[in-house]
Amino acid sequence: MKDKNSEFERRVKAYGGSFRSKLFIAAIIFLLVGMGLWYWLNGKGYGQQKLQYKTEEVKKGDIVVKVSATGTLQPLNQVELGVEISGTIEKIEVDYNSIIKKGQVLAKLDTSKLEAQVLQSKALLEMAKAKEKEALADLELARTKLRQLEQARELSGGRVPSQTELDVARANILKAESVLAYAKADIAKAEADLRYNQTNLSKAVIKSPLDGIVLARKVEPGQTVAASLQTPVLFTIAEDLTKMELKVDVDEADIGKLKVGQEAEFVVDAYPDMRFKAKVKEIRLSPKTTQGVVTYETVLDVENPDLYLKPGMTATADIVVKEVVDCMLVPNTAFRFRPPVAQKNAQEKRGILGAIFPFRPPAQAPKEDEGKKQRQKGRVIYKLEGDKLVACKVLMGETDGRFTEVKSKELKVGDRVVLEVLKSKDGR
1 MKDKNSEFER RVKAYGGSFR SKLFIAAIIF LLVGMGLWYW LNGKGYGQQK
51 LQYKTEEVKK GDIVVKVSAT GTLQPLNQVE LGVEISGTIE KIEVDYNSII
101 KKGQVLAKLD TSKLEAQVLQ SKALLEMAKA KEKEALADLE LARTKLRQLE
151 QARELSGGRV PSQTELDVAR ANILKAESVL AYAKADIAKA EADLRYNQTN
201 LSKAVIKSPL DGIVLARKVE PGQTVAASLQ TPVLFTIAED LTKMELKVDV
251 DEADIGKLKV GQEAEFVVDA YPDMRFKAKV KEIRLSPKTT QGVVTYETVL
301 DVENPDLYLK PGMTATADIV VKEVVDCMLV PNTAFRFRPP VAQKNAQEKR
351 GILGAIFPFR PPAQAPKEDE GKKQRQKGRV IYKLEGDKLV ACKVLMGETD
401 GRFTEVKSKE LKVGDRVVLE VLKSKDGR
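Each residue of the sequence shown is one higher than the one before, counting from 1 in my numbering.
Keep in mind that the hints were calculated from the coordinates and are not lab data. Among the hints, erroneous ones may be present.
[Unchecked claim] Below, simulated DSS-like cross-link-like pairs (lysine-lysine); rule was C-alpha separation at most 30 angstroms, straight line:
| # | residue 1 | residue 2 |
| --- | --- | --- |
| 1 | 91 | 113 |
| 2 | 412 | 322 |
| 3 | 259 | 247 |
| 4 | 247 | 66 |
| 5 | 218 | 113 |
| 6 | 66 | 281 |
| 7 | 189 | 133 |
| 8 | 277 | 243 |
Put together the whole structure using the sequences plus the hints.
If you want it as structure tokens, here you go:
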């Protein structure tokens, strides 16, 4: 009985080992069939998929290189008109936005006190002139007296008058001359005082120094202005607004590209659909530093015949620094495209693991160092011929940010350059 049990156990063990071997072989066959099926369904490798590309035609055109800067519009000449004397505003003749002419009366101060001062100065001048006449008469009298004494001394043979009397007469002449000089000085002072008071009276009438427009009025009738410490500002006046200037701050990296006379266009927020013309008038040498950024103020001449533009408006200007005409143009996006890396090559490099654990590589290869790219003028872009990508070497020229001028023996106008991968034609 014991021998029978041992025989049974041996048969069970032999059958179990054979079953595990068969199961292992079946698993291997299933895995190989699955791999083959996956490989067949995926078009025998990612690298052989037919892809769709976004392309754009190479064309002829012009490249306009621009420098952008932001600034504010200002009148060619803006004046803050004040008053040099203290007083009370009696009348205001103009208001905001009034069109004015040179010499036009804008406001008047109360002149009653000033007029009284002028009258007083005139009276003092008349008094000084009267004193001058009196001094002249006294001088003439003193001279006559001296002549009479000298004649009497001559007729008397020197006996009369005495020498003392002659000396007194001569002293009287000197005194009369001094009084006359003092009277003349009084006249000069009185005339100066009169001119001063007349000038103050004229300053009580505020007139425009130029043709222009009133931008601001800062006083009201009846208001008292005091000019003791600083000149009070009554009006802000701008010269003819049909001609203005745009002051922009240009970055130090771009300032070397600018020259006087270059054309420019600018836009303002008030009229986003309109572009206004300008021209570089002046490039100022004094730098401005804001948070470590160095800029240079550049002044542009602006024509404003329709008066759309207002002082103080913020404007963004594009200054044309270079223009290349009739050149071959390629979209800048084409320089960033790189062909997809084939999965077949990746699988070959990875061996059997590549077949067992397939992967899809990224659509584009990693980008190269951007600084190095900028230093290299020779670049490679890809054009599409049928379903085939063809690499083309090009020399880069000027760019406007969207298109770049290129020269190439391998590329011509009408070719379609590849911008990016869209998807495979089977929808994957």
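Now for the hints, and whether the structure bears them out:
no.	hint	in the structure
1	91 <-> 113	16 angstroms, holds
2	412 <-> 322	24 angstroms, holds
3	259 <-> 247	15 angstroms, holds
4	247 <-> 66	17 angstroms, holds
5	218 <-> 113	24 angstroms, holds
6	66 <-> 281	17 angstroms, holds
7	189 <-> 133	16 angstroms, holds
8	277 <-> 243	12 angstroms, holds
In terms of the numbered hints stated before, the structure departs from none.
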